[in-house]
Amino acid sequence: MSIFDILFYLFAAAIVLSAAFVSLSRNIVHAAFSLLFTFLGIAGVYVLLSADFIAVSQILIYVGGILVLIVFGVMLTNRVTNIDIRAAIRSRIPAFIICAGLLALLIAFITQAHWIRYDEEPWKKTPWGKNAVEQVTKPLQGSVREVIDQQGSQGTAAEIGKLLMSDYMLPFELLSIVLLVALIGAAMIARQEAVQKKRPLSPSLPTEVSQ
Amino acid sequence: MLSNYIPIVLMMVIAIGFGILMANLSKWLGPKRPNFQKLSTYESGMIPVGTTRERVSVKYYVVGMLFIIFDIELVFLYPWAVTFDKVGAFAIGEMFLFIVLLFIGYIYILKKGALEWD
Chain W
1 MSIFDILFYL
11 FAAAIVLSAA
21 FVSLSRNIVH
31 AAFSLLFTFL
41 GIAGVYVLLS
51 ADFIAVSQIL
61 IYVGGILVLI
71 VFGVMLTNRV
81 TNIDIRAAIR
91 SRIPAFIICA
101 GLLALLIAFI
111 TQAHWIRYDE
121 EPWKKTPWGK
131 NAVEQVTKPL
141 QGSVREVIDQ
151 QGSQGTAAEI
161 GKLLMSDYML
171 PFELLSIVLL
181 VALIGAAMIA
191 RQEAVQKKRP
201 LSPSLPTEVS
211 Q
Chain Z
1 MLSNYIPIVL
11 MMVIAIGFGI
21 LMANLSKWLG
31 PKRPNFQKLS
41 TYESGMIPVG
51 TTRERVSVKY
61 YVVGMLFIIF
71 DIELVFLYPW
81 AVTFDKVGAF
91 AIGEMFLFIV
101 LLFIGYIYIL
111 KKGALEWD
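Residue numbers (the working numbering), protein chains in the order written: chain W, 1 to 211; chain Z, 1 to 118.
Extracted from the complex, chain Z is given alone in its bound form (with noise of 0.2 Å):
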């Protein structure tokens, strides 16, 4: 039962071993000859400006809540998607009404500028 998941641990385990490997190849392997320029914070190749504590917006939480909104659709994607083939033409047809009931919600929401910046 749990050997099922050894793909997913491994996967996980690759993840964060890759990350912490790349993070840390250049520092192991390249040479290191500082001097003010390169010891200076990188900002694509722009002069930083100010403290990297900058106040989000906060229309980045109400992006944030309806993103929770399509998550949870995707929750239920997840065991349809597993078991739509097994029960054939009506499963995609109760999964489409599903997603256009929240389809017309999108809409909704687009309509009314929620996800505008302005």
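For reference, chain W alone in the conformation it holds in the complex (with noise of 0.2 Å):
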């Protein structure tokens, strides 16, 4: 076992203990928390499958964003902490059988994917066109352990981000657009939180002040 391997299981471990304290947790803000670990432990596998630009954004969107907004969503509320959340799993048959279709899926997906190990050469193994492969992969000779140790591993960030400077510049730039887009929709809501909440306040509606 290498340590590879052994970091590995150490973050299956750690995904695994974590996301089924999520769901057993009584307690909603310790379930808030232990969801960090799993979003830790998600990345922590991003880096051994050596995708460390998808590590980052999982760190910076997961755990600096979604994480932030869950626990929000907790403190919002008053006296959530106390309640027993299990109190409200409702229809468990149903339930059990849409889980059970899903894990058997994706059991069904993992056996048949096509898994490229670390030793392995990738190149001569793919299932699409002979040629083809060989036009992408003409430098690359050897499993991906050699490859890596001839050429070094720059990671993913400099290639993603040399091909949005070129390739995908268009993308790039509706991207911006995209999140413009979500910028103006927060605006919105926030703008209708702010007309509802004079409401009662306005003298036009005196039934609702005198009560």
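Incorrect hints may have been included.
Taking lysine to any residue pairs in the SDA-like style, the calculated list, with each CA pair at most 25 Å apart, reads [said to hold, decoys possible]:
| id | chain 1 | residue 1 | chain 2 | residue 2 |
| --- | --- | --- | --- | --- |
| 1 | Z | 59 | W | 6 |
| 2 | Z | 86 | W | 166 |
| 3 | Z | 112 | Z | 61 |
If the Cβ cut is set under 8 Å, some of the chain Z residues that face chain W in the computed set are [claimed, not checked]:
| id | residue |
| --- | --- |
| 4 | 65 |
| 5 | 66 |
| 6 | 102 |
| 7 | 107 |
| 8 | 108 |
In short, the hints are calculated from the structure, not lab data.
Note that the coordinates shown come from a computational prediction; the quantities given were computed from them, not determined experimentally.
C-beta: ideal position from N, C-alpha, C; glycine also.
Please assemble the complex out of the two chains, which come individually in their own frames, going by the hints.
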């Protein structure tokens, strides 16, 4: 067992245990904090898969953003910390059937997927046409490990950056427009709340004020 | 390959260790002569009022949502920052356009009052 395997099982154990704690915990605040370790463990697995850009995105967006929103959502509501969240579990049998189907689907995908091992030569085993593979991976010889030893791993971030600056320039700029739309949407939601907050205090509705 | 991440792991270990050390150092080293005043909740010299379970304003949630959008912008700044010196002036212009478009959105939410507290 290499250090690679040990690290993988360490991260996998952290993910499974903290995810189990999220769904089994009675305290919603503890569940939210346990989700932190799930997200960090997934980032660790991404690192082991040489997907460093996705690992950074995982930490920045999920740990830095989504988790903060979840904790805010918990803190927005009063006394929610004492509620047994498991009390709300309903329709166990349909849920069981759906989850079992999902599990079967995932197992089917995992067993049928084409997995590339670190010490294999993926460019020789790909199921696509041989010529295409040779064209794409012309400079690559040997297993993944040998290629990384020869060329050194620069990480995926540099490659993604290079492609975003050249071939995928238009999607990159369109992305900022997508983010702009999200910003405007958030601003609209915030404005609606401001309008609703003012309404009960309005003098044109005396009945509500008297109550 | 994995050795690239040793500095990150080292920094995490030092950060967590430093936090635990500082939180416990005064407990281990300091003299313990408690009285009623010292044992009361510390609230910057004020007498504490109410419980710690305060409801935060829903406004925080909007700020959190806006934060995630700029967080995603940051994610795309990262691969750009790694490579912009190799691509040259074109990359700087491209990122300038990207940031300007989001800056327009920032001005918009500022004008709409989404970041105001009342």
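Here's how the hints hold up against the structure:
no.	hint	result
1	Z:59 to W:6	violated (44 Å)
2	Z:86 to W:166	holds (11 Å)
3	Z:112 to Z:61	holds (16 Å)
4	65	holds (5 Å)
5	66	holds (5 Å)
6	102	holds (6 Å)
7	107	violated (10 Å)
8	108	holds (6 Å)
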